[in-house]
Amino acid sequence: MTTVLLETRRLVKAFGANRAVDAVDFTVQAGELLALIGSNGAGKTTLVNLISGLLQADAGTIVFEGRDVTRQSIHERIEAGIARSFQLVNLFDQLTVADNVALTIFARQGKTPHLWTVAARDTVVADEAAQVLRQFGLASKAGMPAAGLSQGERKLLDVAVAYALKPKLLFLDEPTSGVSTREKAPIMDVVTSVVRQEHITAVVIEHDMDIVFRYSDRIVAMHQGAILAQGSPDEIRRNEQVTTTLIGSPPPA
Amino acid sequence: MLAHHSFTTTAELKGEHHMVPEVSRRQFMERFGITIGALGAGASSLLLPGTAQAQTPAPGPKPKGNIPDKPYKTGHMTFFTGPAAVLGEPSYKGHMLAAEEINAQGGLLGKRKIETLKADEAAGTDANVKELRRMKLSENIDCFTGVISSGNTPALGPVAEELKVLTLFDDGCTDFLFEKAVPNPHYVFRVTNIQSADGIMAALAASTAWPKITKIAHIHPDYSYGRNAFDHFNIAMKKLSGNIEVVSEAWPKLGTTEFTAHITKTISAKPDLLFCSVWGGDYVALYKQALKYDLYKKMKVATTLAFGVAPHALGKDHPEGIVAGVHANYHFLYPAGNKWPLNAQFVKKYYERWKEYPNFEAEGAYTSLYMLKMPVENANHLVGGWPEDDAIIAMLEGLMYESPAGYVYIRPDNHQGYKDAITGFAMQSKDYPFPIHDPKRVITVPIRSITAPPGYAKGEPTTTYKWIDETWPRVS
Amino acid sequence: MTPAIRPRLLSRLEVGGGLLVAVALLAVPLVAAPFQTITVCYGLVFAIAALGFNLLLGYTGLLSFGHSAYFGVGAYVTAELVKYLGWTSMEAYVVAGIVASALVAALFGIVCVRYTRIFFGILTLALSQVLWSLALKLFWVTGGSDGLRVPTPTLLFGTLAPTKDKMDFLAYHYYYYVLVLFAAAVAVMWLIVHSPFGKALQAIRDNETRAEFVGVQVRKYRWIAFVVSGAFTGLAGTLWVPLNGLTTPDILYWQFSGRIVFFVVLGGFRTFWGPIVGALAYNYLETYAVGFTVYWQLVLGLVLVLLVLTLPQGLAGAVEALSRRLRGAPAVA
Amino acid sequence: MDTLLSQILNSLFYASILFLIACGLSLVYGVMRIVNMAHGNLYAFGAYVAAWTVGLVAGRLPDVNPVVLFVLLLAGALAAGAAGAVLEPTLLRPLYKRAEEYQLLMTFGLLLVLEDVMRLLWGPHPLTASVVSDALPSVSLLGLTYPGYNLFVIVIGGVAALALWAFVYRTRFGVMLRATSQDMRMASALGINVKRVYVQAFTIGCLMAGLGGAVVMPISGAVLGMGVDALVLAFVVVVIGGLGSLEGALVGALIVGFVRTLGIMYFAEVELAVLYLIAAIVLFVRPAGLFARA
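Protein chains in written order, with this note's numbering: chain A, 1 to 253; chain B, 1 to 476; chain C, 1 to 333; chain D, 1 to 294.
Be aware that a few hints might be false.
To give a feel for the contact side, a few chain C residues facing chain B, derived at Cβ under 8 Å [unchecked claim]:
1) T310
2) L311
3) P312
Sample of chain C residues lacking proximity to chain B, with all beta carbon distances greater than 12 Å (derived) [stated by the list, open to error]:
4) L20
5) T37
6) I38
7) G86
8) L136
9) S145
10) V150
11) L246
12) N283
13) L298
14) V319
Computed list of lysine-lysine pairs in DSS-like fashion (alpha-carbon distance at most 27 Å, straight line) [claimed, not checked]:
15) K238(B) - K64(B)
16) K164(B) - K220(C)
17) K180(B) - K220(C)
18) K215(B) - K137(C)
19) K62(B) - K118(B)
20) K164(B) - K70(B)
21) K297(B) - K270(B)
22) K220(C) - K458(B)
23) K164(C) - K180(B)
24) K83(C) - K164(B)
25) K466(B) - K83(C)
26) K212(B) - K355(B)
27) K166(C) - K73(B)
28) K83(C) - K118(B)
29) K137(C) - K164(B)
30) K297(B) - K215(B)
31) K466(B) - K220(C)
32) K298(B) - K238(B)
33) K118(B) - K64(B)
34) K458(B) - K137(C)
35) K458(B) - K83(C)
36) K440(B) - K339(B)
37) K168(A) - K220(C)
38) K253(B) - K137(C)
39) K180(B) - K137(C)
40) K73(B) - K164(C)
Hints listed in this document are in silico derivations from the structure and should not be mistaken for laboratory results. The C-beta atom is built at its ideal place from N, Cα and C for all residues, glycine as well.
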């Protein structure tokens with residue numbers, strides 16, 4: 001028995017004449033690790049931007065845990081339990097790695113308006129931050145400014161920051177883009193193991209089909225602003241429409 | 001209260017003290033001691049460089065006692081940058097000329113050479129206050145001079161008192177200084193006439209020359225000087241002409257050089273007279289633009305500071321016949337010639353030194369240093385040796401000094417310098433490449449006639465304003 | 001419990017240097033001439049303004065070109081208390097100055113924090129110019145260009161009245177008074193930038209969008225930072241008036257804002273201590289430039305140009321980089 | 001009636017000077033994202049050079065044809081343009097990689113330096129060269145006396161606006177300029193020499209400021225401090241019109257020109273504050289200006 005965590009109904013976003021997201025009904029089941037695939041410009045990132053609140057929808061509704069969140073602010077959606085990472089790494093470069101995570105925890109605990117306590121003296125937060133960094137294999141870099149990390153580490157930290165919000169639903173926008181092929185699997189190993197361990201529902205936007213098939217429970221394929229197909233990795237692998245439009249060649253056996 | 005003024009009218013003799021007395025215009029002029037052109041007439045040709053008999057001022061009496069030969073340090077603060085540098089440069093040149101002359105005689109009391117530290121007033125009030133402190137506490141100046149802006153003397157005066165530094169302001173003539181900022185001065189003096197004299201002189205000149213004017217237009221820079229001129233002109237005019245009417249006002253920002261809309265507004269109000277206290281580079285721009293609109297053909301014009309800048313800053317195109325104010329202080333052609341040799345000598349020396357003619361700032365700064373020299377000599381004569389500051393101050397209080405601009409009297413109660421106020425009418429002369437005062441129509445007024453006397457109860461906006469309101473008779 | 005996650009709050013250099021500076025500042029009136037003491041006193045006052053300003057520039061990434069407004073409000077409120085209520089207590093001035101400047105900053109902030117970068121700068125500048133023109137216009141209230149006088153106040157709730165020799169009073173009692181408030185301001189600001197709120201501001205500075213996506217309400221926090229910044233600068237304005245003895249519209253003009261920017265950049269806005277160093281150094285630089293040449297603008301302008309070209313991290317940044325190189329530690333980007 | 005006409009012309013006259021100053025400021029911002037705080041002083045520099053050149057020639061050759069003097073005004077524009085061509089590569093180019101604060105600070109430093117350089121070169125007295133404005137006599141129409149030179153300035157302002165518009169929207173260089181202003185990286189990738197576009201844009205911006213100074217000089221003179229005043233006015237214009245937009249500079253200049261005249265005519269008391277108040281109101285209602293593109 002699965003429960004629907006999030007669904008969009010007839011969601012629309014247009015940029016001029018281009019309908020980037022065109023009446024999309026998109027559903028995420030609680031507990032799954034869903035992959036969102038599609039070629040560049042298919043509307044994946046726009047869809048995530050709409051759900052996370054970066055963009056406002058032109059029409060349609062977004063329902064999260066039965067509540068309409070379409071017109072809610074980013075802040076309210078985060079409180080409701082929606083978090084995301086970014087395709088282009090989006091960190092607080094001059095803060096230390098530990099502070100990047102700690103800040104998120106402070107925000108989650110509603111402590112960011114505190115002007116009168118010393119952040120570094122908050123042992124509860126510091127311990128949790130250390131814990132998160134250990135989970136992502138970044139503990140040894142804790143004291144370093146985020147700008148000093150390697151690209152792979154930055155991708156991990158980006159996810160760790162979003163994860164530290166303890167969301168119910170986590171969107172990961174291309175967590176392995178910009179790193180070498182060799183680094184992709186280790187990053188995905190870390191990310192998926194944390195997500196599964198903590199029972200977080202996750203939606204991963206990804207281009208690399210190997211990764212998609214290997215790590216996801218379910219796949220949604222988008223094309224020109226609409227959902228082309230969805231199903232289990234096997235179903236998608238066999239879906240000729242998907243393979244011809246998106247992959248352009250038969251999938252590897 | 002009535003004892004302070006000299007009018008005795010029928011009304012007063014009848015005991016009707018609360019009524020403002022009325023007098024005829026001629027009575028008024030006579031009782032004010034207003035003179036028109038009496039001293040200056042026909043004297044201008046004597047003033048061409050080289051014609052006046054320049055003399056080196058006679059050295060003072062032989063100094064008594066032991067005088068140290070350590071230099072006498074003065075700090076001279078004036079505008080070296082910004083739009084007001086047109087006034088600051090002559091001020092510095094006047095100061096330097098006096099210092100060089102005194103040093104040529106060996107310095108003060110023949111021993112102490114004057115050394116000048118200069119400072120730019122344009123650095124802002126905050127920096128000016130710091131600089132005065134630095135000059136006194138770090139450079140150990142003996143005396144502070146200069147200062148042009150009426151926004152700066154009220155800031156620097158109290159600081160000078162705190163620092164106990166002998167101070168002779170050349171300008172910064174706001175009434176506010178000795179009425180509010182430094183009400184009981186000890187170390188601070190000011191040599192030039194007080195600001196309220198500007199507006200009053202323009203009113204006296206305008207109503208003397210053009211008794212029939214009733215409709216007045218105003219253009220003033222929008223800061224305290226402009227407002228001071230506006231207020232005092234109006235109160236004086238109210239007494240002098242009775243039914244005057246302000247038909248137009250314009251308040252351009254200080255530093256404006258684009259006056260076309262102000263000019264059109266003024267012309268469209270069809271006034272009899274434009275009264276204007278715009279000065280410096282702003283004034284140069286204003287008169288040039290007004291010419292092009294034929295403003296001067298359509299109305300009379302009176303100013304407070306048309307000739308305030310160095311004379312050569314104005315051109316041959318400057319209109320004639322307007323009241324061309326000199327801050328009620330000094331014009332280099334008056335008192336002229338042998339009638340007042342001190343001025344002829346000063347102008348000649350100034351011209352030889354700087355290749356230009358002095359303005360009121362130059363004269364003020366020059367006189368300030370000599371007004372220091374004289375009390376020092378007087379005090380030395382009494383007590384011997386180098387006099388203490390307090391001795392110099394005692395000599396300065398009540399001092400009557402013969403300056404190029406005439407007698408200057410330092411009133412002991414408020415340390416303000418008083419001399420006969422002056423204004424004139426612009427004319428072009430073949431002798432000079434710039435406009436001068438028409439020597440036949442220079443107007444002087446004894447300062448006591450236009451400024452509140454000692455002890456008069458203070459008032460708003462100035463004591464002089466209140467004094468005029470309460471005591472001047474009304475011309476019938 | 002990785003030790004690296006708990007960095008020392010103050011490095012040994014900071015503790016040692018701080019103690020040394022504290023002793024030096026305490027000793028100034030005892031060993032230095034009154035003029036030097038007063039100059040340092042000005043520097044401390046400006047340092048408070050710089051601290052406030054840098055909460056926006058250094059920590060929130062907003063360059064204000066209108067901080068003269070809050071400095072001016074602090075100064076003018078003091079002068080109005082003297083004019084209308086005849087108050088003489090410095091404590092009353094300080095409270096009123098902080099409250100009034102915070103209120104004005106709160107109002108201006110509502111508009112300004114909707115924008116960043118150059119638009120933020122121009123907005124702040126325009127609003128400060130509005131105050132400047134009001135100070136000139138409402139002369140029956142503000143004294144117009146003549147300004148308003150502020151006599152030397154009494155300190156410590158009226159128990160310490162100014163002595164007859166005002167110089168001595170300023171260079172001794174008032175200096176220590178300012179020093180105490182300066183120390184308090186430093187402590188408070190240090191706490192703020194090290195608090196969760198301070199971290200949130202730095203996050204906003206580094207990456208506004210991402211800050212929004214970790215749950216930081218960017219605009220609200222910017223506004224709070226704006227108000228705090230204004231209050232610090234207002235406090236500086238209040239402390240400045242007794243030193244100057246008079247407040248004029250000069251200090252509301254945008255070029256005074258330029259001065260605040262100048263000394264923060266001179267010291268370095270990337271470090272906590274930079275603005276303090278910059279304020280003290282700039283005050284000396286300006287005092288002596290004005291004292292020694294009428295071309296002081298040229299001197300200040302050249303210093304600024306050279307600074308931007310060769311020492312973008314400012315004096316404190318340069319010292320920090322140097323000490324890091326001497327210790328062989330890696331550079332921070 | 002004649003007052004109305006005269007005030008309309010006065011407003012246009014003021015607006016055309018404002019436009020000459022503000023368009024350069026806006027152009028430079030539009031292309032390079034730099035707010036040039038030294039812009040006002042380049043305007044002043046143009047005025048000084050023009051006054052000095054005209055004074056020099058008119059002094060040596062008293063009977064020179066007035067047309068020559070008008071042409072000599074261009075010296076001011078060229079000098080300011082040349083200054084821009086030198087300043088951009090030497091002092092601004094090293095800063096593009098840094099945060100934009102540094103560019104602002106650099107131009108603030110230049111503002112201070114230029115202020116004193118002008119005093120150093122030309123002294124404290126205003127330089128005037130009214131021979132130029134005297135060459136065009138006042139015009140009489142409908143019972144109104146109006147200065148011919150002011151009409152000339154209005155024409156110059158209009159021609160400058162048209163020329164600049166044609167230049168930006170109708171020439172190949174204009175295309176490069178606009179491409180660079182929209183996306184510098186993209187423009188660079190398309191093979192546009194961004195370095196050259198920058199130096200050219202900056203030069204043109206300064207040239208326009210210098211031209212403004214040169215044409216205003218015969219009636220206002222060249223005075224110390226005029227640059228700082230002009231800068232603040234130009235700020236007001238671009239804040240109203242929208243930073244980076246040429247249309248904004250034009251509309252902003254017209255609004256400021258007419259509102260200022262209205263203020264002088266009917267609310268003389270608030271002339272000083274009225275411009276800042278309009279700017280503040282526009283900022284409240286439409287904070288990025290009327291022709292915003294940010």
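For this session: Give me the numbers of the hints this structure contradicts, sorted from smallest to largest.
Result: 1, 2, 3, 5, 6, 8, 9, 10, 11, 12, 13, 15, 16, 17, 19, 22, 26, 28, 29, 31 and 33
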